[in-house]
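*Asks:* Given these sequences and hints, build the entire structure.
First residue of the sequence shown: 92, per the numbering used here; consecutive thereafter.
Derived by calculation from the structure, the hints in this document are not laboratory data. All clues stand as given, with none of them false.
Here are the simulated distance ranges between beta carbons:
#1 172 <-> 349: 53 to 61 Å
#2 311 <-> 432: 33 to 41 Å
#3 426 <-> 398: 29 to 37 Å
#4 417 <-> 115: 49 to 57 Å
#5 234 <-> 426: 48 to 56 Å
#6 171 <-> 125: 20 to 28 Å
Cross-link-like lysine-lysine pairs, in silico, DSBU-like; alpha carbons within 30 Å at most:
#7 384 <-> 176
#8 176 <-> 132
#9 332 <-> 255
#10 253 <-> 332
#11 277 <-> 289
In this text, a Cβ means the ideal position worked out from N, Cα and C, and glycines have one as well.
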Amino acid sequence: MSGIFFVFLHIILCVKTKYMVNQQNFALIGAAGYIAPRHIKAIADTGNNLMVAYDKFDSVGRLDSSFPDCSFFTENEQFDRFCSKQMRTDNPLNWLSVCTPNYTHDAFIRYGLRLGLNVICEKPLVLNPYNIDNLVELEHETGHEAYTILQLRLHEAIANLKRKVEQGPKDKIYDVDLTYITSRGKWYYSSWKGDVHKSGGVATNIGVHFYDMLQWIFGPVQKNIVHVMSFDRVAGYLELKQARVRYFLSINSECLPPNAVQGEKRTYRTLNIDGEEFEFSAGFTELHTESYKRILAGQGFRISEARPCIEIVSQIRHAEPIGLVGDYHPLAKLPLAKHPFGWDERR
Numbered sequence: 092m093s094g095i096f097f098v099f100l101h102i103i104l105c106v107k108t109k110y111m112v113n114q115q116n117f118a119l120i121g122a123a124g125y126i127a128p129r130h131i132k133a134i135a136d137t138g139n140n141l142m143v144a145y146d147k148f149d150s151v152g153r154l155d156s157s158f159p160d161c162s163f164f165t166e167n168e169q170f171d172r173f174c175s176k177q178m179r180t181d182n183p184l185n186w187l188s189v190c191t192p193n194y195t196h197d198a199f200i201r202y203g204l205r206l207g208l209n210v211i212c213e214k215p216l217v218l219n220p221y222n223i224d225n226l227v228e229l230e231h232e233t234g235h236e237a238y239t240i241l242q243l244r245l246h247e248a249i250a251n252l253k254r255k256v257e258q259g260p261k262d263k264i265y266d267v268d269l270t271y272i273t274s275r276g277k278w279y280y281s282s283w284k285g286d287v288h289k290s291g292g293v294a295t296n297i298g299v300h301f302y303d304m305l306q307w308i309f310g311p312v313q314k315n316i317v318h319v320m321s322f323d324r325v326a327g328y329l330e331l332k333q334a335r336v337r338y339f340l341s342i343n344s345e346c347l348p349p350n351a352v353q354g355e356k357r358t359y360r361t362l363n364i365d366g367e368e369f370e371f372s373a374g375f376t377e378l379h380t381e382s383y384k385r386i387l388a389g390q391g392f393r394i395s396e397a398r399p400c401i402e403i404v405s406q407i408r409h410a411e412p413i414g415l416v417g418d419y420h421p422l423a424k425l426p427l428a429k430h431p432f433g434w435d436e437r438r
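*Replies:* If you want it as structure tokens, here you go:
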């Protein structure tokens with residue numbers, strides 16, 4: 092009987108040791124932000140350890156649900172001191188997750204790579220294409236890797252659509268209408284998200300993953316035209332290798348169509364392909380966890396793969412709107428709103 096007990100105990104210890112060896116230590120910057128809970132959940136769901144987190148704001152009780160022993164700092168210097176010391180121990184950090192405002196992504200990715208960590212950064216990866224070139228060079232210098240979250244590529248319905256297009260006629264051009272309205276209150280315009288220099292504007296902040304999805308499915312951009320661009324919306328036309336895309340993105344609830352308002356919905360998302368609605372509203376809850384699984388398995392999206400969508404939103408941001416000319420989205424005709432605080436949206 093005692094022999095069986097020791098065999099059983101040996102198996103338990105081997106399994107525990109294997110788990111501990113495979114477990115990765117994470118640091119997270121931006122723990123109080125909107126997207127951070129999805130990263131925290133992904134770290135927990137993949138069996139890893141969030142060792143330390145940093146944010147200027149201290150409303151991070153969310154850490155208790157998965158990582159109550161996680162060290163937390165509100166000062167960058169203290170966070171850096173902790174990380175630097177930990178890297179000199181026999182239990183170092185392995186990964187840095189970046190969930191901070193868009194304009195800080197480049198600097199924090201650099202910080203993680205130079206510290207000796209691999210990095211996972213929330214979208215948009217950076218605001219400008221040239222930032223990607225510099226980060227790729229730093230990857231080579233440090234020998235570490237940076238990944239980005241492009242979760243729509245992992246959505247089952249979207250992956251199926253890509254396969255359908257790939258298996259269809261190579262010369263077919265699809266007509267696509269993208270409409271995405273996600274209502275935001277006045278707080279939005281007082282935050283960094285309302286500053287185009289920090290968020291990249293509406294196209295970057297709420298649309299970058301849609302642009303990535305479209306070019307991933309239908310091929311590279313041939314033409315990029317902006318019809319309307321304001322602090323609360325952007326409408327334009329993308330000509331891709333296999334699609335003509337009219338899009339309208341907005342954070343203004345006044346742009347919601349009547350059927351959405353009647354249903355008391357604050358968000359409206361639709362993708363129409365050749366006159367048929369493409370449904371992909373469900374299936375989003377586990378996409379960050381799936382992203383982490385693939386990254387940890389060496390199959391994640393490297394930062395260079397974000398280049399096409401970053402180029403698209405950068406071109407949109409610097410474009411001169413041509414007005415209601417040519418093939419534009421029907422909602423582009425909606426009357427423009429006044430900024431709630433009278434600010435210049437391009438300040």
